[in-house]
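Chemist: Here is how the chains run, residue by residue.
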Amino acid sequence: MKRNNIIKIVSISAYIAFILFSFMTGFDPGKQIGKNFITFSVDMLEVLPCAFVLIGLFEVWVKKETVEKHFGKGSGIRGYMWAVLLAGTTVGGLYVAFPVAYSLYCKGARFSVIFTYIGASAICRVPMTIFEASFMGIKFSAIRLLVSLPLVIISSILLGDYLEKRNYKIMEGK
Amino acid sequence: MLSFIVNSKKTLMAIKIAVKKFVNILPAFLTMLIFVSVVLFLVPDKVISNYLGNSNKFVGVTFASFFGSITLMPGFIAFPLCGILLKKGVSYMVLSAFTTTLMMVGVLTYPIEKEYFGMKVTIIRNVISFFIALIVALMTGIFFGELL
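Protein chains in written order, with my numbering: chain A, 1 to 174; chain B, 1 to 148.
Next comes chain A alone, as it looks inside the complex (with noise of 0.2 Å):
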């Protein structure tokens, strides 16, 4: 672990004195790299706090029993439902999806509810389909989705009852 993370730090060192030679030298290439890191900073920067916020607030006021109600064992159906929903009101994409899959889960989100939520919010977030349908058309953007997400949900299901038969855990405290 110790090695690792020694390996970690000299690499992101290394990449952070690149960057840095090439704009004083005016390296094109490096200096590309740079400005896609920047882009993508400020992008995710934009979302991630809120998003994270967001996240505190609802590990603290839901209680877990809410969660378990309607994302756990016999929600059935609604759960899913749920879950595609809130999916479908989630910004920014599979980065911000990940951590608010993984707070359900520590609530006592089922597994393939938790799955769908993933899934669902890469590919119905309701801006993002917007947007799409403006640029390739409302037939592409529906064929998209009523093919998808049904897929989405069953896949879930079967990797949900597949965790849940081998007793899978996902570490918990991150």
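Any given hint might turn out to be false.
Restricting the straight-line Cα-Cα distance to at most 16 Å, the calculated cross-link-like pairs of lysine to aspartate or glutamate (EDC-like) are [stated by the list, open to error]:
#, chain 1, residue 1, chain 2, residue 2
1, B, K88, B, D45
2, B, K9, A, E59
3, A, K8, B, E115
Don't read these hints as lab results, they were simulated from the structure. Remember, it's a predicted structure, so these values are computed and weren't measured experimentally.
Chain B: place on chain A using the hints.
Modeler: What follows is chain B alone, placed relative to chain A:
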């Protein structure tokens, strides 16, 4: 804000949790950002358009799903790009493979996903997503009459 008025103690706790979680996952995000910046440099938009424009649809779908998997783009870049490609005559099927893998399969988000759910689940989920994307592409092709 509302939460703060109702119960400031709980809200402060929430913010504490938020900061802690954020700091915990920060290294993974940093790793991802570094990957993203390098991959986007190696595979710029132009290269993607070149490959997706391939006249053979199946080759196109293969490339599209490959690029979609290894890159990560915000929607406001990806969809205009697809709109342009569509006007250039790239088929719906290829674009659907591209956008769906782009959204669902995250080779670049792997460091983050792994932190939360472990390596095994991450790999299984991404492989499943990849196949879902292929099925979606096929169906798109059928519905737009591009396959038959």
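Chemist: Determine for every hint whether it applies to the structure shown.
Modeler: We went through each hint and held it up to the structure:
1. B:K88 / B:D45: 14 Å, holds
2. B:K9 / A:E59: Judged against 16 Å, a Cα distance of about 14 Å means the pair holds.
3. A:K8 / B:E115: 15 Å, holds
Checked against the numbered hints listed earlier, the structure breaks none of them; every hint is satisfied.
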